[in-house]
Amino acid sequence: MSLAPDTFDFVATLVRQRSAIQLEKGKEYLVESRLAPLARSAGAANVDAYVRTLRANTGLHEQVVEALTTNETSWFRDITPFNMLRNTVLPDLRNRGSRRIKVWSAACSTGQEAYSIAMTVKDHHPDLDLSIVATDLSEEVLAKGRLGAYSQLEVNRGLPAPVLVKHFVRKGATFEIAPPLRQQVTFRKHNLLDQPPMGGPFDIVFLRNVLIYFDVATKRDVLARVRRSLAPGGYLFLGAAETTIGIDDTWERVHEGGSSVYRPREGK
Amino acid sequence: MKALVIDDSRVMRRIVGGILTDVGFDVVEAGDGKEALDRLEEHDDVQLCCIDWNMPVMTGFEFVVEARKRDEWRDITLMMVTTEGEQNQIVRALAAGAHEYVIKPFTPDIIIDKLQFLGLVEAKETL
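These protein sequences, in sequence, are chains A and B. Sequential numbering of the first sequence, starting at 1, is according to UniProt numbering. Sequential numbering of the second sequence, starting at 1, is according to UniProt numbering.
Hints were generated in silico from the structure; no laboratory data involved. Predicted model only: the values in this text are computed from it and were never measured. Be a bit skeptical, because a hint or two may be false.
Examples of chain A residues lying across from chain B (beta carbon under 10 Å, computed) [stated by the list, open to error]:
{"hint": "1", "residue": "42"}
{"hint": "2", "residue": "175"}
{"hint": "3", "residue": "179"}
Derived Cβ-Cβ restraints for the label pairs, each shown as a range [what the hints assert, rightly or not]:
{"hint": "4", "chain 1": "A", "residue 1": "25", "chain 2": "B", "residue 2": "88", "range": "29 to 39 Å"}
{"hint": "5", "chain 1": "B", "residue 1": "72", "chain 2": "A", "residue 2": "241", "range": "36 to 46 Å"}
{"hint": "6", "chain 1": "A", "residue 1": "173", "chain 2": "B", "residue 2": "118", "range": "21 to 31 Å"}
{"hint": "7", "chain 1": "A", "residue 1": "153", "chain 2": "B", "residue 2": "91", "range": "18 to 28 Å"}
{"hint": "8", "chain 1": "A", "residue 1": "256", "chain 2": "B", "residue 2": "1", "range": "25 to 35 Å"}
Listing some non-contacts, in silico: residues in chain A with all C-beta distances to chain B over 10 Å [unchecked claim]:
{"hint": "9", "residue": "2"}
{"hint": "10", "residue": "6"}
{"hint": "11", "residue": "22"}
{"hint": "12", "residue": "45"}
{"hint": "13", "residue": "46"}
{"hint": "14", "residue": "152"}
{"hint": "15", "residue": "157"}
{"hint": "16", "residue": "164"}
{"hint": "17", "residue": "170"}
{"hint": "18", "residue": "225"}
Every residue, glycine too, gets a C-beta built ideally from N, C-alpha and C.
With the sequences and hints as input, model every part of the structure.
Written out as structure tokens, the structure reads:
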């Protein structure tokens with residue numbers, strides 16, 4: 001079933017206004033697949049019919065934006081950034097005398113990235129005093145992150161078994177993050193277009209697989225806000241398909257072991 | 001690269017074997033732990049075993065214990081692939097010498113993820 005063009009336009013505009021995420025033409029399938037469950041639960045015949053009700057009922061807009069901006073996530077998503085965190089970034093911060101490390105996990109979804117960072121620090125740099133602020137637009141994913149309870153399928157994905165048995169406690173059908181790690185992460189609702197969240201300045205920001213959804217002007221805007229949220233000498237991790245190059249030249253790229261991390265250039 | 005898939009279900013051997021073939025393994029199969037020990041004797045180039053827990057004749061756990069007694073097999077990566085998901089079983093399997101543990105049901109990307117962690121498949125950054 002294909003989506004009516006005006007349905008797509010309406011949803012794309014709504015999502016852009018609320019989240020700055022750009023839904024290009026060709027993403028009709030995404031709108032269709034993400035909104036179909038909402039349409040069904042609202043008793044609408046299809047997504048087109050459901051979106052027609054949205055025009056009159058602005059109260060439903062938030063859940064539509066949530067449904068379209070929630071990203072797939074997994075533990076240690078791509079291994080290389082976590083290796084770089086462990087082998088390069090944390091040792092550098094330690095050498096510069098920081099024992100208290102503040103991290104911002106932006107667009108954190110259900111918390112796997114934030115908890116993966118906490119596990120990395122606990123296993124490899126246990127003397128560091130870590131606090132993580134994990135933010136997302138969606139209250140639904142934040143609630144799940146706070147709970148720190150994941151299904152068997154979720155813990156199978158990307159989580160090495162030795163890490164699983166070390167940092168999780170099985171409770172019935174779910175695996176829960178052990179309390180010491182959970183206490184290091186604070187979940188907060190935050191829009192990347194607003195001022196950075198409380199809890200900074202941050203030594204490390206993870207902003208992975210988020211910029212890909214934005215247009216160039218918004219990318220610049222978000223990167224500028226992130227730069228202001230960083231402590232001097234701080235680091236920014238982006239997704240594998242993302243870069244500051246050609247968008248914002250106030251960042252320098254540190255490339256190592258197949259992965260990159262970014263730092264504000266001196267004097268910029 | 002060669003992998004040994006050990007499961008008493010032919011369907012499961014085909015599923016796991018198919019995933020491994022897709023990422024470049026030659027696959028041999030065994031229907032229980034005892035048969036798996038025989039396969040390892042025949043094929044001295046096996047690098048990875050995917051091991052079900054509950055099987056007749058010899059369980060996957062017993063296989064891990066036996067395989068770990070043999071010095072010439074110490075470089076073989078052992079990965080449990082089983083419905084047994086109790087935390088103490090995972091701990092037992094790892095303590096006995098298994099490197100990884102996949103709880104059924106799983107999807108192909110979960111197996112591939114684990115192989116990346118183990119360094120058997122090249123890690124790629126993904127979107």
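Each hint tested on the structure:
{"no.": "1", "hint": "42", "result": "30 Å, violated"}
{"no.": "2", "hint": "175", "result": "8 Å, holds"}
{"no.": "3", "hint": "179", "result": "16 Å, violated"}
{"no.": "4", "hint": "A:25 - B:88: 29 to 39 Å", "result": "52 Å, violated"}
{"no.": "5", "hint": "B:72 - A:241: 36 to 46 Å", "result": "43 Å, holds"}
{"no.": "6", "hint": "A:173 - B:118: 21 to 31 Å", "result": "27 Å, holds"}
{"no.": "7", "hint": "A:153 - B:91: 18 to 28 Å", "result": "20 Å, holds"}
{"no.": "8", "hint": "A:256 - B:1: 25 to 35 Å", "result": "27 Å, holds"}
{"no.": "9", "hint": "2", "result": "25 Å, holds"}
{"no.": "10", "hint": "6", "result": "29 Å, holds"}
{"no.": "11", "hint": "22", "result": "16 Å, holds"}
{"no.": "12", "hint": "45", "result": "32 Å, holds"}
{"no.": "13", "hint": "46", "result": "28 Å, holds"}
{"no.": "14", "hint": "152", "result": "5 Å, violated"}
{"no.": "15", "hint": "157", "result": "5 Å, violated"}
{"no.": "16", "hint": "164", "result": "7 Å, violated"}
{"no.": "17", "hint": "170", "result": "4 Å, violated"}
{"no.": "18", "hint": "225", "result": "23 Å, holds"}
Hints 1, 3, 4, 14, 15, 16 and 17 from the earlier list are contradicted by this structure; the remaining hints agree with it.
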